[in-house]
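Q: Between the sequences and the hints, there should be enough to build the whole structure, so can you do that?
Those protein sequence lines, which keep their order, are chains A, B and C.
In terms of the numbering used here, the first sequence is residues 1 to 368.
In terms of the numbering used here, the second sequence is residues 369 to 617.
In terms of the numbering used here, the third sequence is residues 618 to 990.
By construction, these hints were calculated from the structure, which means they are not laboratory data.
All the given hints hold, so there is nothing to weed out.
Result set (BS3-like, lysine-lysine): computed pairs, CA atoms no more than 25 angstroms apart in a straight line: (1) 10/A / 820/C; (2) 83/A / 965/C; (3) 662/C / 310/A; (4) 710/C / 343/A; (5) 512/B / 822/C; (6) 662/C / 169/A; (7) 822/C / 502/B.
Quick list of simulated restraints, FRET-style, between CB atoms: (8) 201/A / 965/C: 49 to 55 angstroms; (9) 502/B / 850/C: 24 to 30 angstroms; (10) 838/C / 74/A: 42 to 48 angstroms; (11) 838/C / 257/A: 53 to 59 angstroms; (12) 461/B / 46/A: 51 to 57 angstroms; (13) 973/C / 461/B: 34 to 40 angstroms; (14) 238/A / 980/C: 36 to 42 angstroms.
Bear in mind that the values here come from a model prediction, so they are computed numbers and not experimental data.
Where a beta carbon is used, it is the ideal one built from N, C-alpha and C, also for glycine.
Residues per chain are reported as follows:
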Amino acid sequence: MKQFLSFLRKEFHHVFRDRKTLLLLFGMPIIQIVLFGFALTNEIKNSKIVVCDYSKDDITQRITEKIAASKNFEIKQSVLGHKEIEQAFKSGDIKLAVIFPSAFQTDLEAGRRVQVQIIADASDPNTATTLTSYATNILRDFQQDMQPLQHAPMNISTTARMIYNPDLKGATNFVPGVMALVLMLICVLMTSASIVREKENGTMEVLLVSPMNPLLVIISKAIPYLLLSLVNLIIILLLSVYLLGLPVKGNVFLLFGESTLLIITALSLGLLISNSTSSQQTAMMISIMGLLLPTVMFTGFMFPLENMPKPLQIISNLVPSKWYYTIVKNIMIKGLGFSHVWKETLILAGMTVFLLLVSLQKFKIRLS
Amino acid sequence: MITREVVIKTDKLTKKFGDFIATNEISFEVYSGEIFGFLGANGAGKTTAIRMLCGLLTPTSGHATVAGFDIYKQTEKVKSNIGYMSQKFSLYEDLTPRENIKFYGGIYGLTDKEIKGKSDSLIHQLGLEMQADKLVGSLPLGWKQKLAFSVAIIHDPKIVFLDEPTGGVDPVTRRQFWDLIYDASEKGITSFVTTHYMDEAEYCNRISMMVDGVMKECDTPSILKEKYHTDSMDEVFFELARGAKRTAD
Amino acid sequence: MRTLRFLLQKEFRQIFRNTTILRMIIMVPIIQLLILPLAADYEIKNINVAIVDHDHSGMVQQLIGKISSSGYFHIADYNSSYDKTFTKFENDKADLILEIPQHFERNLVREDKQELFLAVNAINGIKATVGSSYLAGVIRDFNADLRLRYYPSLATANNPVIDVAPVNWYNPFLNYRFFMVPGILVVLVTMVGSYMCALNIVKEKEAGTIEQINVTPIKKFQFILGKLIPFWLIGIFVFSLGLWVIARFVYGIIPVGSILLLYSFLAVYLIALLGIGLLISTYSTTQQQAMSLAFFMVMIFMLMSGLFTPIDSMPGWAKWIAHASPVTYFIDVIRMVTLKGSGLTDIKNHFLIMGGFAVFFNGWAVLNYRKTS
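A: Next comes the structure, spelled out in structure tokens:
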């Protein structure tokens with residue numbers, strides 16, 4: 001035990017002596033959670049569009065005003081011809097063009113069908129479809145308002161209730177995801193350099209000849225980072241709740257415990273990477289080049305997992321943050337208890353044990 | 369091959385790091401072809417002095433010229449005329465000896481023909497034929513250091529600065545290393561050496577002793593021994609270093 | 618320039634000798650570019666609907682049939698208890714719950730009016746809005762069909778109609794890959810360039826070789842150029858691999874605009890990016906510091922770049938940050954040039970800003986790299 005403590009003390013010295021890295025480790029999660037918490041949303045608003053009005057009458061004027069009033073749109077300018085529209089699309093100035101044909105009001109009042117053309121810049125298909133449907137809805141509403149009220153028989157109306165997120169805030173979906181992302185990546189990055197650095201410096205030999213149990217050597221590497229991450233976790237949770245306005249409907253202690261589990265899983269992954277590589281450069285390249293994009297995409301907050309092809313859904317199961325994301329949503333937002341997250345918890349715990357065992361195996365191979 | 373030509377001249381050279389005075393008004397001269405030993409306990413200010421003379425560190429006050437160039441204004445000129453080998457091994461471990469020679473030769477502006485000739489003769493001289501195309505990282509420390517020295521003087525500089533060049537090397541290799549320094553001296557290259565080994569101090573033409581950032585003595589080993597009434601440099605060192613306040617770092 | 622030749626020779630030797638890293642900077646982008654775009658699909662489909670039916674009438678069965686045949690929905694559950702069905706929300710098995718009141722069919726015919734209740738899992742706000750409006754649309758259609766069946770005379774009413782004719786330019790089949798592949802390629806090139814470059818000088822610091830370099834008469838700009846050029850070439854190589862091999866043959870993306878223009882922008886972009894890498898390197902003393910800093914920057918650059926979420930929707934201050942990142946501009950340019958065929962005049966501003974970044978970051982890095990302390 002005494003040996004272990006002195007080991008631990010050495011590891012703490014390593015971590016706390018490097019002030020620059022320490023500052024980064026604390027600064028990074030704070031800045032990222034605030035920045036991404038506010039900035040990331042899959043809503044589409046303030047999109048720049050043009051209205052091209054060949055008719056210039058009362059009705060087109062009124063429709064244009066309705067479009068301008070929507071928070072989704074920002075009318076850039078009124079252009080005249082198709083040529084200018086194409087130019088505006090190419091220079092990326094606008095995302096959508098609404099075109100009224102000439103004699104719009106005259107035709108409409110004469111009872112003829114009139115056609116409004118909506119051109120979308122579909123190089124971004126998501127924005128294109130969303131904006132098209134927003135614009136279509138505005139036109140449809142307008143038309144409904146125009147029609148004289150008449151009693152239609154057999155009216156089915158639908159009342160929708162938004163559960164869990166009545167204000168439809170983007171943060172409700174993104175913040176748990178960003179929490180998962182930040183915690184996981186930072187923990188992996190920190191530990192991945194730890195063991196391999198000793199190899200590079202030649203101090204590994206000293207560790208190997210010591211009478212310490214290899215498992216304890218590995219664990220003592222992770223403990224300072226675990227404590228650091230727990231402090232980070234508290235900061236992240238406080239920011240999420242008080243700054244980003246996320247609720248904690250469930251049990252705070254359960255949330256804290258589950259987060260600790262994710263941290264341990266991530267640290268174990270970092271240790272495994274550190275044990276399997278021969279240089280810090282390789283270890284860190286693997287942990288951030290290999291993990292950054294897959295973690296962003298497979299956690300499930302950016303793109304719905306159920307949309308992905310089956311093989312990718314299977315791959316996503318390997319990403320620890322995916323399970324954590326589900327857990328956080330269930331506890332914080334849905335207010336559910338352990339009985340609803342035990343499966344995810346078990347999977348994370350299983351991953352941790354597996355990663356640690358493989359690490360230990362790799363470490364022992366070096367011993368023999 | 370020692371001449372009276374002065375190649376290093378310092379005048380009250382001082383470096384402060386905040387309140388800490390690393391070197392305090394040191395003044396001395398080094399002559400061409402000389403092997404000048406620069407001695408002192410750890411933390412006495414040796415490395416700081418060397419780094420100032422090499423243009424790696426700007427002095428706080430005082431003057432110095434190296435190879436006739438001012439170390440404030442003509443650092444790049446200074447750099448063309450010196451070689452440097454630090455206590456931290458400084459060749460690229462992931463390159464072969466031949467590639468390291470080629471790289472440093474090229475940087476110092478040797479022609480391709482000169483580089484070719486140099487690298488062949490160097491490798492032969494060091495007996496590295498078998499290892500010439502293996503990575504430097506796989507060589508034993510002694511060979512690495514001999515190679516590093518040869519690379520440091522590849523451009524025939526006026527002066528070579530050696531900062532504890534023989535740390536961690538066995539006595540035989542150290543002896544071989546000093547042979548290299550003598551060879552260089554024969555060619556007129558001045559060596560400016562810091563060391564902990566007092567037997568190495570005996571190999572120097574003249575030595576200086578730094579204590580707490582101040583230069584206490586600067587003379588030939590035999591005169592110093594006479595002055596302190598002893599026949600070993602160890603005694604001289606103890607005698608001087610006893611008064612030191614700074615502890616080793 | 619002879620000095621530069623030797624510097625470059627040395628850098629390339631070191632890069633090519635480290636086969637682990639070399640393999641990684643080529644294989645990781647290829648693999649990720651092959652897999653990740655398939656995962657990037659915002660389209661709302663496969664919405665799971667749970668039905669709580671208190672009526673059990675034929676009309677309800679018709680409605681369910683209509684919903685499941687619309688193509689967007691999958692009937693996840695059919696039950697007559699709301700509380701039981703709600704557990705489907707809790708374990709994410711359902712996105713929508715449609716509750717049909719008792720005597721729905723009877724009352725609709727008798728009273729001409731009935732109300733359906735829709736509960737929406739709104740954690741993902743967009744999915745909630747789009748999903749519920751799709752379902753409302755299906756119900757509306759169903760309603761219209763009913764009316765037509767019960768009151769055929771109403772169909773002939775003549776109202777003025779505004780038709781909407783939507784057209785999708787540049788990507789008529791709304792292929793998400795066309796949008797995502799170029800963007801992801803930019804991020805991958807960015808990672809390769811910045812991480813490699815940031816680590817490089819620090820490695821020399823840790824090994825002590827930088828000291829040796831600093832006592833040589835090498836000029837600062839020569840040393841910096843010697844570090845920049847290899848990674849610049851690697852960046853161009855990785856980009857070309859992605860563009861010509863993966864984007865073209867796997868995803869069928871053939872740039873509409875000028876390739877020369879694209880590569881010119883890439884060239885300037887890489888200079889700016891590597892400048893950032895160098896800057897990080899000059900400020901760090903250990904590889905871990907350099908890597909953490911580089912990672913921090915890349916993560917912010919990537920998530921703020923408009924790659925996944927629209928910049929227009931960000932709050933003002935965040936937009937400002939987004940526009941302070943070179944990645945934002947390159948992602949914009951590559952999408953414009955490959956998909957829309959934008960020309961030099963369209964991306965003139967992007968070019969100028971990127972040039973500014975290149976000068977700024979490299980200038981700063983050169984100033985901050987000191988041979989003398």
